[in-house]
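Position chain B against the provided structure of chain A, taking the given hints into account.
Each chain, written out:
There are 2 protein chains.
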Amino acid sequence: MTVKLAIDCMGGDHGAKVTVPAALDFLRRDPDCSVILVGRQEELLPLLGQAKQKFGARLAIQHASEQVAMDEPIATALRSKKDSSMRVATELVKSGEAQAALSAGNTGALMAISRFVLKTLPGIDRPAIASVVPTLHGHTYVLDLGANVDCQPEHLLQFGIMGSMLISALEHKERPNVGLLNIGEEAIKGNEVVKRAGELLRESGLNYYGNVEGDDIYKGTVDLVVCDGFVGNVTLKTSEGLATMMSAALREEFNRNLLTRMAALIALPVLNAFKRRFDPRHYNGATLLGLKGVVVKSHGSADVLAFFCALEQAAKAARNKLPERIAARMALLPTPA
Amino acid sequence: MTVKLAIDCMGGDHGAKVTVPAALDFLRRDPDCSVILVGRQEELLPLLGQAKQKFGARLAIQHASEQVAMDEPIATALRSKKDSSMRVATELVKSGEAQAALSAGNTGALMAISRFVLKTLPGIDRPAIASVVPTLHGHTYVLDLGANVDCQPEHLLQFGIMGSMLISALEHKERPNVGLLNIGEEAIKGNEVVKRAGELLRESGLNYYGNVEGDDIYKGTVDLVVCDGFVGNVTLKTSEGLATMMSAALREEFNRNLLTRMAALIALPVLNAFKRRFDPRHYNGATLLGLKGVVVKSHGSADVLAFFCALEQAAKAARNKLPERIAARMALLPTPA
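The listed protein sequences derive, respectively, from chains A and B. Quick note, the working numbering runs 13 ahead of the 1-based positions in the first sequence. Quick note, the working numbering runs 13 ahead of the 1-based positions in the second sequence.
Here chain A stands alone, though its shape is the one from the complex (with noise of 0.2 Å):
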């Protein structure tokens, strides 16, 4: 199926160098799907070559001239910036001129964008990010990621249908399992919340697993893993972080002396098919969910690899109908008394 994608080319930490050659690269790979590049003209022509020619009415430019900055109040963003490339690409999916728009800007300011022009879905109180983390043999969703902080019940059940819909639509997989996020396996866990969110949970139809602890996360116990966005935030953050102080530690252990250093030497071709394995740049875009569009947000450090990624998961989401598979969903759900 062919797919449109609106890309913000100035956002990120390396802006139209980065998103341009990965639209290029997504086009040369991807014969049924066509880009927007939302940006400054004149900073876009310049990078494009010989593209123009070669992809012909599959390559497009959406002059915008300004550009949310990565550390932007949100406010701002949303008030005084009506040409920015980032709501400029937003615009193309609510006009339907795309079925995706990317950006590897602000996260805030995207979110509240997104908002603001596309709307939620019926039912949908907030919004929601998705991102996926590996496993020892394969990968987990897990939301939210921070969009919400302050969670009721409803939301944590909210998240757990847009988690399941997005899942069905990137991986063709009808019924994900979905676990909730908590201290303990026992029903009784948890604060407030978390016991409430798990009985909608349990009445909600989806292929509800239970509870799961932290370390689930990683061992693949399940294909969703639904927590607030606090709770989220911290846990992805906390692993960046951990993953980090264990590879540091690694690499001083193999440079300690010349010994080790040799070891290193022969041991290399390993220690980079492990590295190779958890590339975080194959796991690069979260998605927004609970939009009546798909926007899919790419890490602001993100190099052509890992944007090129993100921009593979837009184009899967919009052909697979993620919004229209998440508003069918929730129509399922029982009207609230």
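Hints are computed from structural coordinates only; laboratory data are not their basis. This one's a predicted model, so the numbers in the text were calculated from it and none came from an experiment.
A pair holds if it fits inside one copy or across any two, identical chains being indistinguishable in the list.
Keeping only pairs whose Cα atoms sit at most 20 Å apart, straight-line, the calculated SDA-like set for lysine to any residue is:
hint, residue 1, residue 2
1, Lys288, Asn268
2, Lys202, Ala88
3, Lys208, Ile87
4, Lys202, Glu85
5, Lys17, Lys67
6, Lys30, Gly313
7, Lys202, Leu249
8, Lys202, Thr120
9, Lys288, Arg274
10, Lys17, Glu110
11, Lys288, Ser260
12, Lys288, Thr257
13, Lys65, Arg42
14, Lys232, Ala256
15, Lys288, Leu263
16, Lys30, Gln63
17, Lys288, Leu272
18, Lys208, Gly121
19, Lys232, Glu253
20, Lys132, Glu104
21, Lys202, Arg139
22, Lys288, Ala261
23, Lys17, Ser108
24, Lys202, Gly121
25, Lys288, Ala262
26, Lys186, Glu337
27, Lys288, Arg264
28, Lys208, Pro86
Chain B in isolation, oriented as in the chain A frame:
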């Protein structure tokens, strides 16, 4: 300073087979300490060998006829097992016969029994559990780890005070710096409870650093990270899961074929040094804080070395008068209006 420890010898996955040898090691290494082994006399006596002659009055046995099971409901442990080894050990602290109690048993039961027998210090609403995690070149204390899942801002302030006093007692660092676990550095970030807790910590006179994020735990940005028990428990379990997964993946890569297995042989001393560096046995021992007495919880699966490390920690906390430090610091807080 001489110190006497009351050891619940029956708790944990391995019971007396681990706790008794660890206690004897401890008597050998620390000539200023004595221990009371609490448990079924008929099980403990055969494990002592010549120890009674060797250590004389430094080694005593206190018979306790019952044992709290690892999966025993807290209410049963508290109400129906009044002669459990866990309870008798805490009662020895209450009566002043011992200066610290140690158990590898059921965490919830240990917390409930300790609270019931010893009571909390003035101004402390709820005891907390603190643990320590390794960083690249040091370590960070984290609390709470699961005792308190629904926290008010005042509880997080109390955790900051109790944790600071723990570090001053164990590390002789008089003004450890304290970070509040949050989802961003700015004071406006986070949920309502955390925002208010930040204000209380800022006014507390503690060495308050401000907000820290998940990755700061393993960066060692601060000496103490304060969070509610839900977040703390999830964070630590997620870390365990990730470390286990990374180790398993590294093992898989080194086991892939003949060539990689040869590389593993050569890299073995380096890999072992890496493993030793983060050996969790050296970090065993989570301190229960806020009680009128020192109680330390060992990991249930602790071996002799791990249990020994927890004994060392309990002795240090008792010698440096941890409860008295917390009580004195709490008395400095302004009385609520």
